[in-house]
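> Protein chains in written order, with this note's numbering: chain F, 1 to 372; chain C, 1001 to 1163.
Hints may contain errors.
Straight-line alpha carbon distances no greater than 25 Å define the calculated SDA-like cross-link-like pairs of lysine to any residue that follow [what the hints assert, rightly or not]: (1) F:370 with F:286; (2) F:172 with C:1039; (3) C:1026 with F:180; (4) F:172 with C:1027; (5) C:1058 with C:1070.
It should be emphasised that the hints constitute simulated quantities derived from the structure, not laboratory data.
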Amino acid sequence: MYGGECICIKEYNTSINIDMGICKYILWFLLAGFFFWIPKAGNAEETEDVHQSFNTVDYVFEHIGDSYEWHFFTINDFHATIPLPVILYSKHSGWHLFLSNKFYHSEKDFPFQISIEGQNEGKIVETLSDGSEIVPFDLSLTRTIVGLLITSLILILVTLRTAKLAARNAGKKPSGLQNFMEPVIIFIRNDIAKPFVGEKYERYLPFILTLFNFILVANLLGLVLPLGLNVTGNIAVTMVLAFFTFLITMFSGNKHYWKHIFNPEGPWYMKSPVLPLMQFIEVAGTLIKPVVLMIRLFANMLSGHMIIAVLVGLVFLMSSVYGLLVGVGTSFISIIFSVFIVLLDILVSFIQAYIFAVLSAMYFGMATEKGH
Amino acid sequence: MFLLPHLGTIIWTTIIFGVVAFILGKYAWKPLLKAINERERYIDISLKKASHTQLLLKNLKAEQEEILKKARFEKGEMLKEGALQRDKIIAEAKDKARTEAERILIDAHKKVQKEREAALVEMRKQITTLSVEIATKVVSADMEDKKRHEEMVKKLIDEVELN
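I would like the entire structure built from these sequences, with the hints used as guidance.
Set out below in C-alpha cells:
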C-alpha cells in the first residue's frame, strides 16, 4: 500500500513527465482497490471464480519451473513458443525423440503425454495398451537445459575469443575482450583462489574460474526476463555444480584432512568417549557442505524469479478480478517493484557466484591443508 | 516439486558442465592464465630493469660530472701554464733584446771610438803635413821678421785648427 505513495513521490521528485493529476488518479485507484475490493474478494465463492479466470499459483510455478517447451508470451490464442526436443527411453517401447509440440496437437493414439494430476504431475507418462501408465526415463532437452546450453555457448565463445586475443597480443598491451575478462580472472585468482585455497591454488584455479563464470552467466541469463529462463534456480543444476565441488574436495583430500575427520588430534582419554559422535558429525559435515552450496544458490535465484513472477502475475490477477483499469494501476507498482527486484537480483547474481566460488575454494583449501 | 531434482536435468547438467569445464580449462583458462602470468613476470622484470637502469644512469651522470670537472680543471691548468710560458717567453725575448741592444750599443761605441782614433791619427797626419807645408812656406818665405813669422805661424795654426 505505502508502495503506491512511494512511487508517486518518487515520480514527482524525479519529474518523469507524469503530472500530479495522473499520480493522484493512480493513488486513488490503489486506495480504492485495497480498501474496498479486497474484502469482497475475500469471499470464498468469489475466490473460486477468480482462480478459474486466472490461476496465479500455476502462472508463477510455470514461470519458475522447468518445461518441455520454451514459452515466451501469449496473446489471446497466439502462443509464442519454441517446441523443444523430447528424448525418452521406455522399457516398453525403447528410445523416442520428438518435439514437444506433439503433446498438444498429435494423433489420437500417441502414447506419451504430460501428466496433469496425480503423483506424476508434470512428468511425461506413457499410456500402455492395457491402459496403465508408466513413467519413461526422461532425457528431454527442457527449458533449463536450453538455458544451460546458452550459458555454455556464451561462456565458450567469450573465453575462447579472449584466449585467442591473448595469444595474438602476447607481449603487447591487452585489447578488447581481454580488458573485460582479465580483471575477472585476476580477481578470482587473487581474491578467491589464492587466499582460500592456499599454496596449491593453481591446480584448482581453472575449475573455480569455470564455476564462477558459469554461475554468474547463468544467473544473469535468468534475469533477461523475456527469455523466461531459470537455470540456477533449478535444484538439479545447483546439485550438479555442488557435486563437482564435493567430488574434487573428496579426491584432493590429503592425509591430514582424513585424519582430521576420522581421528582428530587430542589425548585419547578425552576423545575416546565421543569419537564416534565426532566422526559422525565430521562425515555429515563433508556431506552437508555441498548440500548447503546447492540449496543456497538454488533458493536465492528461485526466490528472485518467484518474486518477479508474482509481481507480474499480480497484474493479470488484478485485471482479471477487478477489471482492466485496476490491472493497469497495479502494473505501475509491479513494474517499479520488478525493476527494483531485478536490480537486486543482479547484485545477488554476483554475490551468489562469488559465494559459491569462495566456499568451493575454501573446501579445496581445507582438503589440501597441511598438518600443523 | 521444486525440491526434487529431475534425473534427466542432472545428467544433462553433468554432461554440459563437464564439457564446458574441460573446454574452458584446456583452451581458455590455461592460455589466459599463462598470458597473465607471463605479463606479470614481464612487468616485474621490466620494473626491476628500469630501476637498475636508473641507478646505472645516476652513476653514469655522476661519472660524467666527474669527467667534466676534471676536464675543466685541466683546462684551467693548461691555460695557466700557457700564460706562464708566454710570460716566460716574453721575458726571455726582452732579455735577449736588451742584451742585443747593449751589445749593438757597445759595438757602436767601439766603432765610434775606433773611427775617432782613426780620425785623430788622420788629423795628426794632416797636421804634420800641413805643419810641414806651412813650415815649408814659412821657410821659403822671407825669413826676415821673426815677429811676423811667429804671427804668421800662429795665424796658420789657427787656420789649421779651424779646419
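> If a hint holds in the structure, say so; if it doesn't, say that too.
Outcome of the hint check:
| no. | hint | in the structure |
| --- | --- | --- |
| 1 | F:370 with F:286 | holds, 18 Å |
| 2 | F:172 with C:1039 | holds, 9 Å |
| 3 | C:1026 with F:180 | holds, 20 Å |
| 4 | F:172 with C:1027 | holds, 20 Å |
| 5 | C:1058 with C:1070 | holds, 18 Å |
Checked against the numbered hints listed earlier, the structure breaks none of them; every hint is satisfied.
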